[in-house]
Amino acid sequence: MIGAGFSRNGRVEGVLYAEDFSIDNKNEHQELETVNIEEEIEKCIFNEDDLLKARQQGILEGLEKSKILLEEERKKWESSIEKETSIFLEKISLSVESIIGENIKHVSSTIISSIVALFPSRLNAYGTIEISNLVSHLMPILKRATHISVTAAENEVGQIEKFCRSSGVTNIECILREDMAPGDFQISWPDGMAFRLGEELSAALLNSLLPLPVPKNLQQS
Numbered sequence: 200m201i202g203a204g205f206s207r208n209g210r211v212e213g214v215l216y217a218e219d220f221s222i223d224n225k226n227e228h229q230e231l232e233t234v235n236i237e238e239e240i241e242k243c244i245f246n247e248d249d250l251l252k253a254r255q256q257g258i259l260e261g262l263e264k265s266k267i268l269l270e271e272e273r274k275k276w277e278s279s280i281e282k283e284t285s286i287f288l289e290k291i292s293l294s295v296e297s298i299i300g301e302n303i304k305h306v307s308s309t310i311i312s313s314i315v316a317l318f319p320s321r322l323n324a325y326g327t328i329e330i331s332n333l334v335s336h337l338m339p340i341l342k343r344a345t346h347i348s349v350t351a352a353e354n355e356v357g358q359i360e361k362f363c364r365s366s367g368v369t370n371i372e373c374i375l376r377e378d379m380a381p382g383d384f385q386i387s388w389p390d391g392m393a394f395r396l397g398e399e400l401s402a403a404l405l406n407s408l409l410p411l412p413v414p415k416n417l418q419q420s
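Numbering (the numbering used here), first residue to last: 200 to 420.
I should point out that these hints are in silico values taken from the structure, not numbers from a laboratory.
The beta-carbon is built from N, C-alpha and C at its ideal position, and this holds for glycine as well.
Check the hints yourself; a few may be wrong.
Said to hold, decoys possible - Subject to a maximum C-alpha distance of 27 Å in a straight line, what follows is the list of computed DSSO-like cross-link-like pairs (lysine-lysine):
1. Lys274 - Lys264
2. Lys282 - Lys266
3. Lys252 - Lys264
4. Lys252 - Lys266
What the hints assert, rightly or not - Quick list of the computed label-pair ranges, beta carbon to beta carbon:
5. Pro339 - Pro381: 24 to 30 Å
6. Asp248 - Glu377: 48 to 54 Å
7. Glu272 - Pro389: 50 to 56 Å
8. Lys264 - Ser348: 51 to 57 Å
9. Leu268 - Asp248: 29 to 35 Å
10. Arg376 - Asp248: 29 to 35 Å
11. Lys361 - Arg254: 53 to 59 Å
12. Gln255 - Ser279: 33 to 39 Å
13. Ser278 - Pro389: 41 to 47 Å
14. Ile258 - Ser348: 54 to 60 Å
15. Glu353 - Lys274: 24 to 30 Å
16. His346 - Lys264: 55 to 61 Å
17. Arg376 - Asn332: 42 to 48 Å
All chains should be modelled from the sequences, with the hints used to inform the complete structure.
Here it is as C-alpha cells:
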C-alpha cells in the first residue's frame, strides 16, 4: 500500500508500481455509424402505385404460365391425333397407289386429301410425299405427252415442275393460282388429267361429321 509520503527514493527493488505503466484514461471506443431507423423503414414502405404494379406483374406472370401450360396440352392433343391420322393415311396410301399403278389417267382426290387438309402440319409432312408419288406414277404418261399444264399454288407449282424436269419432262406450262389450297394441284395433258382438291373433300367430310338435324316431330316445342 502506498502511503501519502511515498517517494521514488522509497521504492522497493523488484516491485512494480502503478506509475510504471502508461495508462490512457481516455475511453477510446470506435464510433459506430449511426443509422436512422425511420429513414430505413420509409424506404421499405410501398405506395399504391408500387402495389398496383406488383399485382399487375403477378397477374401477367400467372397468365403467361397458364398460357404455356395450355399450349403444351394442345400440342400433346394434336400430336396424339396426328399420330393416329398418320397411321390411317399410310394404310389408305397403299390402296391409292395401287389404283394409280393401273395407269388410271383421271385420278380424283381421295380421303387422304380430306384428312390432311384438317391438319396443316400433317399436310406439310405428307403432301410432298403424296405429290411425288402421284407424279412418279404418271411420269411414263407425262413423258409421252406433247404438252403438260400444271396448275397449283406457288409452292406446289415449283415442286412439280422441278420433279418433272429432273425426270426429263420439259414441255411444261406452269399456271400459278394462289386461291388453291396448300397441297392441291392439277396436272393436265392432251388425253388426261390428274388433280388433288383436298379442300373440297375436307369440307364434305366435315359436313358428314356434323350432328344430323333432329326431325321436327322429335323437337321439343
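Here is how each hint holds up against the structure:
1. Lys274 - Lys264: OK: Lys274 and Lys264 at ~16 Å, within 27 Å.
2. Lys282 - Lys266: Answer holds: Lys282 to Lys266 is near 24 Å, not above 27 Å.
3. Lys252 - Lys264: 18 Å, holds
4. Lys252 - Lys266: Answer holds: Lys252 to Lys266 is near 21 Å, not above 27 Å.
5. Pro339 - Pro381: 24 to 30 Å: 28 Å, holds
6. Asp248 - Glu377: 48 to 54 Å: 52 Å Cβ-Cβ, so the 48 to 54 Å window holds.
7. Glu272 - Pro389: 50 to 56 Å: For Pro389 against Glu272, whose Cβ atoms are near 53 Å apart, the range 50 to 56 Å holds.
8. Lys264 - Ser348: 51 to 57 Å: Cβ of Lys264 to Cβ of Ser348: about 54 Å, so the range 51 to 57 Å holds.
9. Leu268 - Asp248: 29 to 35 Å: Cβ of Leu268 to Cβ of Asp248: about 31 Å, so the range 29 to 35 Å holds.
10. Arg376 - Asp248: 29 to 35 Å: 57 Å, violated
11. Lys361 - Arg254: 53 to 59 Å: 57 Å, holds
12. Gln255 - Ser279: 33 to 39 Å: Roughly 37 Å apart at Cβ, these two residues keep to the hinted range, so it holds.
13. Ser278 - Pro389: 41 to 47 Å: Holds, since Ser278 and Pro389 (Cβ atoms, about 45 Å apart) stay within the stated range.
14. Ile258 - Ser348: 54 to 60 Å: With Cβ atoms ~58 Å apart, the hint holds.
15. Glu353 - Lys274: 24 to 30 Å: 28 Å, holds
16. His346 - Lys264: 55 to 61 Å: 60 Å, holds
17. Arg376 - Asn332: 42 to 48 Å: 22 Å, violated
Checked against the numbered hints above, the structure violates hints 10, 17; every other hint is satisfied.
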